[in-house]
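S.K.: Residue strings, one per chain:
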Amino acid sequence: MSITVYVPRDAGALSVGAEAVAAAIAAEARRRDADVRIVRNGSRGLYWLEPMVEVDTADGRVAYGPVQADDVPSLFDADFLHAGQHALALGPTEAIAYLKSQQRLTFARVGIVDPRSLDDYRAHGGYRGLEAALGMSGADVVQTVTDASLRGRGGAAFPAGIKWKTCLDAQADRKYIVCNADEGDSGTYADRMIMEGDPFVLIEAMAIAGLTVGATQGYIYLRCEYPHAQRALEAAITAAEAEGYLGDNVRGSGNAFHLEVRIAAGAYICGDETSLLESLEGKRGQVRFKPPLPAIQGLFGKPTVINNVITLASVPIILDQGAAFYRDYGMGRSRGTLPIQLAGNLKRPGLVERAFGLTLRELIEDYGGGTASGRPVRAVQVGGPLGAYIPVSQFDTPIDYEAFIAIGGMLGHGGVVVFDDSVDMAAQARYAMEFCAIESCGKCTPCRIGSIRGVEVIDRIVAGTVAERERNEVLLRDLCQTMLAGSLCALGGMAPYPVLSALDHFPEDFAGAAETVAS
Amino acid sequence: MKRATNAASLPDIPEDVRAAVLEVTNRLKELPGALLPVLHGVQAALGYVPEASVPLIARELNLSRADVHGVISFYHFFRSKHAGRRVIYLCRAESCQSMGAATLEKHIKQRLGVDFHETTANGAYTLEPVYCLGNCACSPAMMVDDELKGRVTPEGFDAWLAAEAT
Ligand SMILES: Cc1cc2nc3c(=O)[nH]c(=O)nc-3n(C[C@H](O)[C@H](O)[C@H](O)COP(=O)(O)O)c2cc1C
Ligand code: SF4
Ligand code: FES
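Protein sequence lines, in the order shown, are assigned to chains A and B.
Note that the first sequence covers residues 3 to 521 in my numbering.
Note that the second sequence covers residues 1448 to 1613 in my numbering.
If you're looking for bench data, these hints aren't it; they were derived computationally from the structure.
Where a beta carbon is used, it is the ideal one built from N, C-alpha and C, also for glycine.
Treat the hints with caution; some may be incorrect.
As the list claims (entries may be wrong) - No farther apart than 27 angstroms at their CA atoms in a straight line, the calculated lysine-lysine pairs in the DSSO-like style are these:
{"hint": "1", "chain 1": "B", "residue 1": "K1553", "chain 2": "A", "residue 2": "K304"}
{"hint": "2", "chain 1": "B", "residue 1": "K1476", "chain 2": "B", "residue 2": "K1528"}
{"hint": "3", "chain 1": "A", "residue 1": "K167", "chain 2": "A", "residue 2": "K304"}
{"hint": "4", "chain 1": "B", "residue 1": "K1476", "chain 2": "A", "residue 2": "K285"}
{"hint": "5", "chain 1": "A", "residue 1": "K304", "chain 2": "A", "residue 2": "K445"}
{"hint": "6", "chain 1": "B", "residue 1": "K1528", "chain 2": "A", "residue 2": "K285"}
{"hint": "7", "chain 1": "A", "residue 1": "K445", "chain 2": "A", "residue 2": "K292"}
{"hint": "8", "chain 1": "A", "residue 1": "K167", "chain 2": "A", "residue 2": "K292"}
{"hint": "9", "chain 1": "B", "residue 1": "K1528", "chain 2": "A", "residue 2": "K349"}
{"hint": "10", "chain 1": "B", "residue 1": "K1528", "chain 2": "B", "residue 2": "K1553"}
{"hint": "11", "chain 1": "A", "residue 1": "K304", "chain 2": "A", "residue 2": "K292"}
{"hint": "12", "chain 1": "A", "residue 1": "K304", "chain 2": "A", "residue 2": "K285"}
As the list claims (entries may be wrong) - To give an idea of the chain B side of the interface with chain A (calculated C-beta under 10 angstroms), a few residues:
{"hint": "13", "residue": "E1462"}
{"hint": "14", "residue": "L1486"}
{"hint": "15", "residue": "L1493"}
{"hint": "16", "residue": "A1540"}
{"hint": "17", "residue": "V1561"}
To be verified - Facing chain A, from chain B, some residues (calculated, C-beta under 7 angstroms):
{"hint": "18", "residue": "L1483"}
{"hint": "19", "residue": "Y1495"}
{"hint": "20", "residue": "G1517"}
{"hint": "21", "residue": "F1525"}
{"hint": "22", "residue": "E1541"}
{"hint": "23", "residue": "L1580"}
{"hint": "24", "residue": "G1597"}
{"hint": "25", "residue": "P1601"}
{"hint": "26", "residue": "F1604"}
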């Protein structure tokens, strides 16, 4: 009997040497005549342990990590194929505290299954959501998604059920399902992990959405920085087509649903749904005015459901387990779970899927283990480049959409980026403006020009005397107000949040060079 | 043959560019919203989207040259000039900043003797900034062509560069 060894093909794991590890294990097994089958799984999301190798034993999977290629001979010497002791041994994977305490619904299969195997997907509960949906009317599916209180995970947290209902009710000869896989927010990688680690769940979800609202064509708009995800998705689409899960007659239902991956071209603004639709149509990614809503007039003018990867990937389990099952997780109006992405200066960065309600402090201290540098944490940016910087005094804020709005922040796509006390918050504020200037689509003056002025004003604040600093701070705050009020979309409309939060919570970092010298 | 007449009226296009563009457009032009897939195809084939290809792409897709130009210039990924043999995309975004990306950036620029958007004198490397590679749990990150790298240190970069040269 061959022994199964798992070595992730997740891009993050590959980026720290997983390919060489897989090759070394194969070579060493041959040399020692060991009967080993290597499965290239997704990542469990315990990135500080990547490349993390797992071995299937009689008592379940055991893990070793972080493994480098030159550790492989010693792993064989220690008989890791039978859970042998080794300096890198982590014990049974499921018992690792970081993983054990999680509530993985959307990520139930990621890191566990072979993402290229449809059989493996089905053996782990895959396609049960679609089977359930096939026995329901479109209206019933919409009702289930609505009852589950699933809100959009791409940033705006809009109820998915309402969007689907609008599209279902729209009359048209053609409708579309679009998956927003642009994942532009820094500090986020949950979409990538799903697409690489469990691509079938996204394909299943999009087929469900298509059957539900009567759409026959789907597009996954994927950022060009994700070539690994592209390969995983395309392989999975081919497999799903071969078994009738996509195509002219999905599972004999008489309904067609086709799916295609489209590659973006490096513009952050194309993560905005209207800009994304322009881009899919082959145009410059300029933001559209709303209304009309995409659900009524979206891609090529047709009713379109556009959802984030995680929103969609949460639908199959809702249909399989029922709305109440999902809704019972969470707090307040934030129901279900959120895959939180811990990033930045942390000892244990990684993916934490938990019900809404745990605090930022639990995430940073208990999961993250404090900073990688060993220095004190000073600030955390939640929700991507447009999210506010949060000081330590607000770390007891629960992960909840409304709680974050209440402190002037936003959860966004669930990225948490930690900075230690060496961070210069004036530089972070300057970067926020610079990023806005680089990525502005150019449609509104406050965003296009204001962001460039913002960079200049921050430079003057930092370089100037006390009087100049005070004058320029007033200017900067004014400018932020103009951007907040006069921008069509959240790029110009929210870029002031990181700037203002840095200014409000960390004013000492803006003290001019002159003052610092004087003091 | 309408096509042949049209082709003759186009400005001079180097033969390799013409062949590459037509291969791509013939394959993809029926797609709805074909321009981005076509530009990706051309850039994959030639390494960039040459100025000279614009009239041909426009004609094949039934678009104006201004449309095609507008799209190429809007997206950071498309380049109108030749790149080096390999393109290094260095992440400048927040998670990588928190793990020393600024120091790494300075080191790489000095080591290669280029600024962002520039190509080394020997034509080997082009350096481009990128704003998150989705590898924020292994910051700082960079991507070389489509090979992702994480936990990159200045020393690690030098070691990689040395290994590349051999
Ligand atoms: C500047 C900007 C960038 C955005 N980037 C993304 C993105 O990368 N991924 C995403 O899913 N949503 C992004 N959004 C949100 C989308 O506009 C939209 O709300 C989302 O695709 C809807 O899907 P959901 O309801 O499932 O979240 C962005 C919005 C703005 C204004
Ligand atoms: S706020 Fe900026 S990015 Fe958004 S529509 Fe206006 S100019 Fe474009
Ligand atoms: S911020 Fe650098 S990879 Fe995400």
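S.K.: Are the hints correct? Go through all of them and say.
M.R.: Outcome of the hint check:
| no. | hint | verdict |
| --- | --- | --- |
| 1 | B:K1553 / A:K304 | violated, 48 angstroms |
| 2 | B:K1476 / B:K1528 | holds, 24 angstroms |
| 3 | A:K167 / A:K304 | holds, 15 angstroms |
| 4 | B:K1476 / A:K285 | holds, 15 angstroms |
| 5 | A:K304 / A:K445 | holds, 24 angstroms |
| 6 | B:K1528 / A:K285 | holds, 21 angstroms |
| 7 | A:K445 / A:K292 | holds, 14 angstroms |
| 8 | A:K167 / A:K292 | holds, 18 angstroms |
| 9 | B:K1528 / A:K349 | violated, 41 angstroms |
| 10 | B:K1528 / B:K1553 | holds, 24 angstroms |
| 11 | A:K304 / A:K292 | holds, 14 angstroms |
| 12 | A:K304 / A:K285 | holds, 17 angstroms |
| 13 | E1462 | violated, 27 angstroms |
| 14 | L1486 | holds, 7 angstroms |
| 15 | L1493 | violated, 16 angstroms |
| 16 | A1540 | holds, 3 angstroms |
| 17 | V1561 | violated, 19 angstroms |
| 18 | L1483 | holds, 6 angstroms |
| 19 | Y1495 | violated, 13 angstroms |
| 20 | G1517 | holds, 5 angstroms |
| 21 | F1525 | holds, 6 angstroms |
| 22 | E1541 | holds, 5 angstroms |
| 23 | L1580 | holds, 5 angstroms |
| 24 | G1597 | holds, 4 angstroms |
| 25 | P1601 | violated, 16 angstroms |
| 26 | F1604 | violated, 13 angstroms |
In this structure, the earlier hints numbered 1, 9, 13, 15, 17, 19, 25, 26 are contradicted, and the remaining ones agree with it.
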